[in-house]
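S.K.: Converting from the sequence shown to the numbering used here requires adding 609 to each position, the first position being numbered 1.
Fair warning: there could be bad hints in the mix.
To be verified - Restraint-style ranges between C-beta atoms, simulated for each label pair: (1) Leu616 to Leu705: 33 to 41 Å; (2) Ala687 to Leu634: 45 to 53 Å; (3) Leu616 to Leu646: 25 to 33 Å; (4) Ser704 to Gly627: 21 to 29 Å; (5) Asp686 to Pro640: 56 to 64 Å; (6) Glu708 to Ile688: 24 to 32 Å; (7) Thr703 to Cys612: 26 to 34 Å; (8) Glu673 to Val619: 23 to 31 Å; (9) Ala626 to Thr712: 21 to 29 Å.
Simulated from the structure, these hints should not be mistaken for lab results.
Quick caveat, the model's predicted, so the values are computed rather than measured.
Even for Gly, the Cβ is constructed at its ideal location relative to N, Cα and C.
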Amino acid sequence: MNCSSRLLCVLYIATSAGLAWTSVLEIRYGPAWAACLFAAASLVPVIAVVRETVIGDQRRWLLELVTRAGRAGDAADAIVRAELDSACCERWWTSLGSEHEVTCRHWMPRSSSAA
Numbered sequence: 610m611n612c613s614s615r616l617l618c619v620l621y622i623a624t625s626a627g628l629a630w631t632s633v634l635e636i637r638y639g640p641a642w643a644a645c646l647f648a649a650a651s652l653v654p655v656i657a658v659v660r661e662t663v664i665g666d667q668r669r670w671l672l673e674l675v676t677r678a679g680r681a682g683d684a685a686d687a688i689v690r691a692e693l694d695s696a697c698c699e700r701w702w703t704s705l706g707s708e709h710e711v712t713c714r715h716w717m718p719r720s721s722s723a724a
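Full structure from sequences and hints, please.
M.R.: Spelled out as structure tokens, the structure:
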């Protein structure tokens, strides 16, 4: 995570804390609908912090792949190889993730009953 990402996370957390405090004040002195609105709004910056950390982890992972590979072409090959290795089975890959082979660990038998 770089300096600008850390600054953004601090701003997101401060915003979330401010919205949570406003929600507490609305519970005490204001209408209930406003308290619920501010409580829900205080969760949005938390999601942004999680997003920033995921992006930072992805950047770190990509940088690690590039340094391991030595060249950009090798890094792209490593990324494609990792994606292919993470595929469940051949049927899952060719059906765009909608079906699994019977031998796949993610396959679930379909029920004939209409549930």
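S.K.: Looking back at the hints listed earlier, which ones does the structure fail to meet?
M.R.: 4, 7, 9
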